[in-house]
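> Spelled out from the first residue to the last, the chains are:
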Amino acid sequence: MQLRVDKLGVIIAALAAYGALLAPFATFRANRIVAGEARSISEALPPAWAAIILFLIITTAGIAILKTPSRLRLGTAFAMIAALALGIGAAAAHLTPPENTYARVSPASGFWILLFALGLLAADALTRLRPSPLVRVLFLSAVLGFIAAVLTSGTWDGLSLLKEYASRADTFWAEAGKHLMLALGSLAAATAVGIPLGVLCHRVARLRDGLLGVLNAIQTIPSIALFGILIAPLGWIAIHVPGAAAIGIRGIGTAPAFVALFLYSLLPVVANTVVGLAGVPREANDAARGIGMTDFQRLIGIEFPLAFPVILTGIRIVLVQNIGLATIAALIGGGGFGVFVFQGVGQTAMDLVLLGAVPTVLLAFTAAIVLDALIETVTPNRNRVQSA
Amino acid sequence: MLRLPTLFRLLAFAVLIAFLVQPQWFEPLLRPLVQENAPAIYNQGSLLQLTLLHLRTVAIATAGATVVALALAILVTRRSGAEFLPLSRSLVNIGQTFPPVAVLALAVPIFGFGEKPTLIALFLYGLLPIFENALTGLTTLPPSIMEAARGTGMTGRQRLMKIELPLAMPVILAGIRLSVVISLATATIGSTVAARTLGEVIIAGLQSNNLAFVVQGGLIVAVLAVLIHDALQAAERSLGSRMGR
Numbered sequence: 001m002q003l004r005v006d007k008l009g010v011i012i013a014a015l016a017a018y019g020a021l022l023a024p025f026a027t028f029r030a031n032r033i034v035a036g037e038a039r040s041i042s043e044a045l046p047p048a049w050a051a052i053i054l055f056l057i058i059t060t061a062g063i064a065i066l067k068t069p070s071r072l073r074l075g076t077a078f079a080m081i082a083a084l085a086l087g088i089g090a091a092a093a094h095l096t097p098p099e100n101t102y103a104r105v106s107p108a109s110g111f112w113i114l115l116f117a118l119g120l121l122a123a124d125a126l127t128r129l130r131p132s133p134l135v136r137v138l139f140l141s142a143v144l145g146f147i148a149a150v151l152t153s154g155t156w157d158g159l160s161l162l163k164e165y166a167s168r169a170d171t172f173w174a175e176a177g178k179h180l181m182l183a184l185g186s187l188a189a190a191t192a193v194g195i196p197l198g199v200l201c202h203r204v205a206r207l208r209d210g211l212l213g214v215l216n217a218i219q220t221i222p223s224i225a226l227f228g229i230l231i232a233p234l235g236w237i238a239i240h241v242p243g244a245a246a247i248g249i250r251g252i253g254t255a256p257a258f259v260a261l262f263l264y265s266l267l268p269v270v271a272n273t274v275v276g277l278a279g280v281p282r283e284a285n286d287a288a289r290g291i292g293m294t295d296f297q298r299l300i301g302i303e304f305p306l307a308f309p310v311i312l313t314g315i316r317i318v319l320v321q322n323i324g325l326a327t328i329a330a331l332i333g334g335g336g337f338g339v340f341v342f343q344g345v346g347q348t349a350m351d352l353v354l355l356g357a358v359p360t361v362l363l364a365f366t367a368a369i370v371l372d373a374l375i376e377t378v379t380p381n382r383n384r385v386q387s388a
Numbered sequence: 001m002l003r004l005p006t007l008f009r010l011l012a013f014a015v016l017i018a019f020l021v022q023p024q025w026f027e028p029l030l031r032p033l034v035q036e037n038a039p040a041i042y043n044q045g046s047l048l049q050l051t052l053l054h055l056r057t058v059a060i061a062t063a064g065a066t067v068v069a070l071a072l073a074i075l076v077t078r079r080s081g082a083e084f085l086p087l088s089r090s091l092v093n094i095g096q097t098f099p100p101v102a103v104l105a106l107a108v109p110i111f112g113f114g115e116k117p118t119l120i121a122l123f124l125y126g127l128l129p130i131f132e133n134a135l136t137g138l139t140t141l142p143p144s145i146m147e148a149a150r151g152t153g154m155t156g157r158q159r160l161m162k163i164e165l166p167l168a169m170p171v172i173l174a175g176i177r178l179s180v181v182i183s184l185a186t187a188t189i190g191s192t193v194a195a196r197t198l199g200e201v202i203i204a205g206l207q208s209n210n211l212a213f214v215v216q217g218g219l220i221v222a223v224l225a226v227l228i229h230d231a232l233q234a235a236e237r238s239l240g241s242r243m244g245r
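Chains A and B supply the protein sequences, listed in that same order.
The first sequence begins at 1 in our numbering and counts up one residue at a time.
The second sequence begins at 1 in our numbering and counts up one residue at a time.
With the rest of the complex left out, here is chain A (with noise of 0.2 Å):
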């Protein structure tokens, strides 16, 4: 067997030697708010430890560099994620001193950066097996499980993310349910709006381009003003409108950062609605009409199931964004994980930051797979979507 140079392998190494050897593994911080003191692997972790971790790491990078099959390239990337993360709390525990509940370790440069390299190799390799999309989903179950089973063992635990986390477990949970009844609550009062405007945009010509445009235009508004002006009409229905207060409607808070999102969420629904039914091939309303269906059966029994997968790409565009988008709620007192982040930016705390960026990253993330997995069994086979 002949041995050839993977070009992308290459970068990847050279990423995962400066990330090994020239930048810190992890920060010590005498306590929450000091300025960090860098340590490098070998300063991080046990002698028995890093030397497994430096092995491991140049046996990644030989693999890297070599073509070899994808399936071995998966496995060996998902693999040293594991030690890595092992690792890293390891660190933790090896750097603070025993008794010390002030003392904070956090993943410096140096982990990401080779996170970042085992990223792109596993990615790639994922790209070039082109999983089909159940065994995607089985993937993400399985790397959503580990992360699950790695923060209930404890081996996280003198981490300086979870110790922010341990201070704050129970606002966690509840900005946690916050962010996803905005992010989903307003998907779902979109979409149930939404595709009902799309058949109406697709039956009347003329409504079509006034209500896309005022939709368009809607986008086009910044969302931290667009939360900030739903603030005062909110505000005047809670005062003025009966009852309206008592099922939550308040001028700052979550109403109206549900209603921006809802608002924000109306585009892409309505847009790929009326390019799905679009897409409807003409002779298959014609065999419908031919067989004598009614408007509405042809709607349900045949125009639907054929634009289902454009209105589902539109749903998943949506949530996606919404997820996101959630995090601004805060500013306006919506809650969510943005309560984190920008508390974080605030105090200048890093660890309060990731609290919150890293959970919104990592539910878009999920979110994009399962839907894109899901609009992929749904598309019929002669234009199947492709996706990551």
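Because the hints were derived from the structure by calculation, they are not lab data.
Don't take each hint at face value.
Taking lysine to aspartate or glutamate and the EDC-like style, the derived pairs with C-alpha atoms no more than 20 Å apart in a straight line are [said to hold, decoys possible]: (1) A:Lys67 - A:Asp157; (2) A:Lys7 - B:Glu83; (3) A:Lys67 - B:Glu83; (4) B:Lys162 - B:Glu236; (5) B:Lys162 - B:Glu147.
Given the coordinates of chain A, work out where chain B should sit on it, guided by the hints.
Just chain B now, kept in the frame of chain A:
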């Protein structure tokens, strides 16, 4: 011969300029939105200056993103970079799931407060649509034309400059337009990390419960986004028709 939509846009542009230069003319319009003694026009800085800073931030970030995205797209569509093509598509998809706020917040610990993290976040976020469109443009060229170019003995460089880039240009420009519009709105979030953009006006309004501030900040950005979007689209069309399409 001005058509109605064009007239409408010119009018919007004139009103925007008037508002930025002489905001107090519009004071009566915004007065009903605030309580008795609160100011109706942003009074902690010049709206014109903030708008120019906002546009400058977006321009720098987009220019940087265009250069890098285009270079990367050209690189991975050459034969020597073909190994990177599948991964680059995946990375674009993955990158777009990252919320802009997360990118911005994570840039703060590395680059400090102010202009820098905002520029970095806008740059990274702006890369994606341009790169995606450039990839689409460069990989969906008609095979017959590429074949003909090769047949006439053009070198790889000549093909790129005279055939591939001009043909892919409309799609690439559409990507840049999309990137600019996203950046215009996202730049406002930069003010949460003390960048000087129009977001400052909105955030000041949120903090002091002054709806007039929120409305004027938001409307300036929205009108800017619509006008710039349409102007770029018009520029693309005139470029297209001049190249005989």
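> Which of the numbered hints above does this structure break?
Number 1 - this is the single hint that the structure violates.
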